[in-house]
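Enquirer: Modelling step: build the complete structure from the supplied sequences, incorporating the hints.
Same order as they appear, the protein sequences are chains A and B.
Sequential numbering from 6 applies to the first sequence in the working numbering.
Sequential numbering from 6 applies to the second sequence in the working numbering.
Treat the hints as calculated values from the structure; they're not laboratory data.
All of these numbers come straight from a predicted model, not from anything done at the bench.
Careful: at least some of the hints might be erroneous.
Unchecked claim - So, partial list: chain A residues that the calculated Cβ filter (under 7 Å) puts toward chain B:
(1) Ser41
(2) Gly162
(3) Pro257
(4) Glu295
Stated by the list, open to error - With a straight-line cut-off of 30 Å between C-alpha atoms, the simulated DSSO-like cross-links for lysine-lysine are:
(5) B:Lys85 with A:Lys282
(6) B:Lys37 with B:Lys296
(7) A:Lys282 with B:Lys37
(8) B:Lys296 with B:Lys231
(9) B:Lys282 with B:Lys296
(10) A:Lys85 with B:Lys282
(11) A:Lys282 with A:Lys296
(12) B:Lys85 with B:Lys37
(13) A:Lys85 with A:Lys37
Claimed, not checked - The calculated label-pair distances, taken between Cβ atoms and stated as ranges, are:
(14) A:Pro274 with B:Thr187: 17 to 25 Å
(15) B:Thr187 with A:Ala93: 34 to 42 Å
(16) A:Glu223 with B:Glu295: 38 to 46 Å
(17) B:Gly112 with A:Gly291: 31 to 39 Å
(18) A:Asn270 with B:Thr187: 42 to 50 Å
(19) A:Gln33 with B:Gly100: 44 to 52 Å
(20) B:Pro181 with A:Glu223: 50 to 58 Å
(21) A:Glu68 with B:Pro274: 56 to 64 Å
(22) A:Ser50 with B:Asn270: 54 to 62 Å
(23) B:Glu295 with A:Gly47: 41 to 49 Å
(24) B:Glu227 with A:Leu298: 54 to 62 Å
(25) A:Trp269 with B:Lys37: 53 to 61 Å
(26) B:Phe34 with A:Ala11: 49 to 57 Å
All C-beta atoms in this analysis are idealised placements derived from N, C-alpha and C, irrespective of residue type, glycine included.
There are 2 protein chains.
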Amino acid sequence: MAPTTAYSIGVDLGGTNLRAAAVDRAGQFLGKQGGSIRLREGRESVVSDIVASIQALRERFGEQECAGVGVAVPGFIRLKEGVVENSANLPSLEGFPLRDEINQRLGTPVILENDANAAALGEKWLGAGRDVDDLVLLTLGTGIGGGVILDGRIMRGRDGMAGEFGHMTVIPNGNPCGCGNTGCLEKHASATAISVMARLLQLGEMLTAEQVFRIATEGSGEDAIKARRIFELMGVALGIAIGNLVNVFNAPLYLLSGGPLPAWNLFAPTMIAEARKRSFTFRSTGTRIEKALLGNEAGLYGAAYLPFLEVGEPAGV
Amino acid sequence: MAPTTAYSIGVDLGGTNLRAAAVDRAGQFLGKQGGSIRLREGRESVVSDIVASIQALRERFGEQECAGVGVAVPGFIRLKEGVVENSANLPSLEGFPLRDEINQRLGTPVILENDANAAALGEKWLGAGRDVDDLVLLTLGTGIGGGVILDGRIMRGRDGMAGEFGHMTVIPNGNPCGCGNTGCLEKHASATAISVMARLLQLGEMLTAEQVFRIATEGSGEDAIKARRIFELMGVALGIAIGNLVNVFNAPLYLLSGGPLPAWNLFAPTMIAEARKRSFTFRSTGTRIEKALLGNEAGLYGAAYLPFLEVGEPAGV
Chain A
6 MAPTTAYSIG VDLGGTNLRA AAVDRAGQFL GKQGGSIRLR EGRESVVSDI VASIQALRER
66 FGEQECAGVG VAVPGFIRLK EGVVENSANL PSLEGFPLRD EINQRLGTPV ILENDANAAA
126 LGEKWLGAGR DVDDLVLLTL GTGIGGGVIL DGRIMRGRDG MAGEFGHMTV IPNGNPCGCG
186 NTGCLEKHAS ATAISVMARL LQLGEMLTAE QVFRIATEGS GEDAIKARRI FELMGVALGI
246 AIGNLVNVFN APLYLLSGGP LPAWNLFAPT MIAEARKRSF TFRSTGTRIE KALLGNEAGL
306 YGAAYLPFLE VGEPAGV
Chain B
6 MAPTTAYSIG VDLGGTNLRA AAVDRAGQFL GKQGGSIRLR EGRESVVSDI VASIQALRER
66 FGEQECAGVG VAVPGFIRLK EGVVENSANL PSLEGFPLRD EINQRLGTPV ILENDANAAA
126 LGEKWLGAGR DVDDLVLLTL GTGIGGGVIL DGRIMRGRDG MAGEFGHMTV IPNGNPCGCG
186 NTGCLEKHAS ATAISVMARL LQLGEMLTAE QVFRIATEGS GEDAIKARRI FELMGVALGI
246 AIGNLVNVFN APLYLLSGGP LPAWNLFAPT MIAEARKRSF TFRSTGTRIE KALLGNEAGL
306 YGAAYLPFLE VGEPAGV
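Expert: Pasting the structure below:
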């Protein structure tokens with residue numbers, strides 16, 4: 006069947022930046038539009054910036070040929086209403102009917118999606134998950150988010166809150182979390198957790214995860230041993246969580262993305278050993294834990310895939 | 006659209022018993038056929054017993070009107086091949102193409118399913134989950150199994166091994182498990198775990214979960230306090246696991262079934278408190294943790310629903 010439309014537009018809203026890209030059905034990148042988000046000037050400025058970047062791409066590549074727009078947002082999405090909730094980075098959009106507002110201004114189908122969910126979909130479409138139907142993505146940053154793809158589609162949960170892996174309990178009496186729990190994964194394995202462990206081990210008061218990584222790989226003596234130990238412990242926490250996820254989903258592929266990925270060789274050995282130990286499904290089914298491939302582009306590509314998935318025929322891979 | 010067939014047959018294979026039931030599209034129970042499984046006489050006897058019970062129902066209710074047969078099996082199912090794996094209770098069926106064998110002998114569509122998955126589907130169709138699209142079931146017995154329904158269908162996992170909740174890690178350095186892990190949920194919250202805790206607390210060497218329940222509810226003094234403490238700890242372990250599942254799935258309903266259910270009032274308070282503490286999704290979305298309603302019949306009904314779901318039009322609820 007011939008595709009009815011030539012391309013779609015993905016938008017990735019960050020806390021300070023906005024990126025938009027036009028992508029065709031085959032996943033070919035056509036063009037990009039970037040910009041800052043004028044957060045302090047309020048909601049109307051934010052919405053205008055989003056609309057302007059979409060419109061610029063539509064004028065470049067044709068309004069008729071555009072299948073629609075997918076927007077990846079850092080927050081929970083009430084899908085039916087097209088409303089953003091709990092977005093710490095974009096407070097001005099809180100509770101705002103963003104989908105319908107963009108739709109009305111541009112007259113094109115608009116789909117909102119949580120940014121980690123969009124990233125998981127992007128990896129499925131064009132990244133590390135191209136060869137599987139089901140995958141689980143963990144996004145490592147200041148916190149830990151996640152997305153689940155089952156049978157090629159995003160598992161959203163009833164309220165769009167599925168995939169909150171950062172708040173899975175990995176150590177019941179572990180570090181306290183702002184969510185009210187103790188021992189959340191993100192308090193033991195995020196970039197923030199790496200900084201906290203560096204402080205506990207007296208490596209330094211205000212080290213970033215990247216600085217701890219440099220001590221681990223370029224430093225020497227006790228400091229380097231401590232820094233490597235931090236990544237080993239991060240791996241253990243991730244392995245407990247991923248072992249649980251394997252027991253729950255029996256998916257073939259678990260992906261990690263985000264800032265700490267360059268430290269893969271430091272945390273992956275304990276992560277994989279722990280997941281193996283804690284999941285006979287992992288051991289008996291050839292389960293893979295791998296790096297995501299698309300980096301920052303995953304959410305953008307996933308967002309662009311949404312109109313193909315929801316509005317037209319599914320795109321070829 | 007008028008239903009094309011009047012009823013289907015569900016079969017539930019236990020370790021010693023076989024039950025079969027004819028159920029119509031509206032979920033009305035038409036008739037039942039029971040029997041023992043002659044395990045020691047080998048595979049041919051087991052298969053003959055299954056076929057005979059199905060055939061008895063078909064003769065009673067009409068061969069033409071039968072949409073097909075669903076068989077709930079304690080083990081993993083390789084769905085594409087229709088083969089049973091890892092069935093400790095039915096070793097003679099291990100690796101055997103049970104689906105095709107029954108199909109050839111009777112000439113009717115046959116679908117195999119894991120028993121906990123079938124039970125989850127049964128609860129969705131006719132039990133505690135009638136009003137939701139997504140639910141998670143935990144089956145408490147000598148071990149702990151589970152099933153997940155998403156959008157009205159069973160989440161099977163790539164190898165039919167999804168929903169292995171009994172082996173989720175709830176206490177990383179907890180009790181050792183035969184699977185190779187420590188701190189598996191079923192080592193802290195199953196009927197077996199209750200017996201073990203009773204022994205550790207010197208309540209008795211060989212108490213069953215039911216005996217511990219009786220001490221907790223009818224006993225007095227230190228023994229009753231100890232017995233109640235055991236169910237509280239069971240609730241904590243279940244709450245950690247369910248909190249994680251809520252963070253993962255954001256489903257509206259989590260169900261428990263099995264032998265320890267009469268002790269609900271003893272373990273539910275700590276279970277619910279723990280899940281609340283460990284999941285902001287639980288606290289913010291009106292998530293429910295409830296008793297399953299169909300008891301032993303859940304798997305039988307779920308098995309009977311499979312042919313309607315897979316072969317014909319979905320049945321009305």
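Enquirer: Next, verify each hint and record whether it holds.
Expert: Do the hints match the structure? See the list:
1. Hint status for Ser41 (chain A) relative to chain B: violated, with the closest Cβ pair at about 31 Å, above 7 Å.
2. Interface hint status for Gly162 (chain A): upheld, as the beta-carbon distance to the closest one in chain B is roughly 3 Å, under 7 Å.
3. Here the hint on Pro257 (chain A) is kept, as its CB sits about 5 Å from the closest CB of chain B, short of 7 Å.
4. Given hint, Glu295 (chain A) at the interface with chain B, is violated; its Cβ is 15 Å from that chain's nearest Cβ, farther than 7 Å.
5. Taken as a hint, the Lys85 (chain B) and Lys282 (chain A) pair is honoured in the structure, with Cα atoms around 28 Å apart against an allowance of 30 Å.
6. Straight-line distance between C-alpha atoms of Lys37 (chain B) and Lys296 (chain B) comes to about 25 Å, which keeps the hinted pair within the 30 Å bound.
7. Distance restraint check for Lys282 (chain A) and Lys37 (chain B): the Cα-Cα separation of roughly 43 Å exceeds the 30 Å cut-off, and the hinted pair is therefore not satisfied.
8. Distance hint between Lys296 (chain B) and Lys231 (chain B) is fulfilled; the C-alpha atoms sit about 25 Å from each other, no more than 30 Å.
9. Between Lys282 (chain B) and Lys296 (chain B), the direct Cα distance comes to roughly 20 Å. Compliance with the 30 Å bound is thereby established for this hinted pair.
10. A hinted pair counts as satisfied when its Cα atoms are at most 30 Å apart, and Lys85 (chain A) with Lys282 (chain B) qualifies at roughly 28 Å.
11. Distance restraint check for Lys282 (chain A) and Lys296 (chain A): the Cα-Cα separation of roughly 20 Å lies within the 30 Å cut-off, and the hinted pair is therefore satisfied.
12. Under the criterion of a C-alpha separation no larger than 30 Å, the hint pairing Lys85 (chain B) with Lys37 (chain B) is consistent with the structure, at around 29 Å.
13. For the hint pairing Lys85 (chain A) with Lys37 (chain A), the CA-to-CA distance comes to about 29 Å; that is within 30 Å, so the pair holds.
14. Remark: the range hint 17 to 25 Å for Pro274 (chain A) to Thr187 (chain B) is upheld by a beta-carbon distance near 19 Å.
15. Separation of Thr187 (chain B) from Ala93 (chain A) is about 36 Å and conforms to the stated range, judged on CB atoms against 34 to 42 Å.
16. In this structure, Glu223 (chain A) and Glu295 (chain B) break the distance hint of 38 to 46 Å, their C-beta atoms being roughly 55 Å apart.
17. Between Gly112 (chain B) and Gly291 (chain A) the C-beta distance comes to about 36 Å, which sits within the given range of 31 to 39 Å.
18. About 27 Å separates the C-beta atoms of Asn270 (chain A) and Thr187 (chain B), a value inconsistent with the hinted range of 42 to 50 Å.
19. A C-beta distance of roughly 46 Å is found between Gln33 (chain A) and Gly100 (chain B), which places it inside the suggested range of 44 to 52 Å.
20. Between Pro181 (chain B) and Glu223 (chain A) the beta carbons are some 40 Å apart, a value that contradicts the proposed interval 50 to 58 Å.
21. In this structure, Glu68 (chain A) and Pro274 (chain B) meet the distance hint of 56 to 64 Å, their C-beta atoms being roughly 59 Å apart.
22. Here the CB-CB span from Ser50 (chain A) to Asn270 (chain B) is close to 56 Å, well matched to the stated 54 to 62 Å.
23. At about 44 Å, the CB distance of Glu295 (chain B) to Gly47 (chain A) agrees with the hint of 41 to 49 Å.
24. Our hint of 54 to 62 Å for Glu227 (chain B) and Leu298 (chain A) holds, since their Cβ atoms are close to 60 Å apart.
25. Trp269 (chain A) and Lys37 (chain B) have their C-beta atoms about 57 Å apart, which keeps the hinted 53 to 61 Å range intact.
26. Taking 49 to 57 Å as the suggested C-beta distance range, the pair Phe34 (chain B) and Ala11 (chain A) conforms, at roughly 55 Å.
Hint check: violations occur at hints 1, 4, 7, 16, 18, 20; the rest are consistent with the structure.
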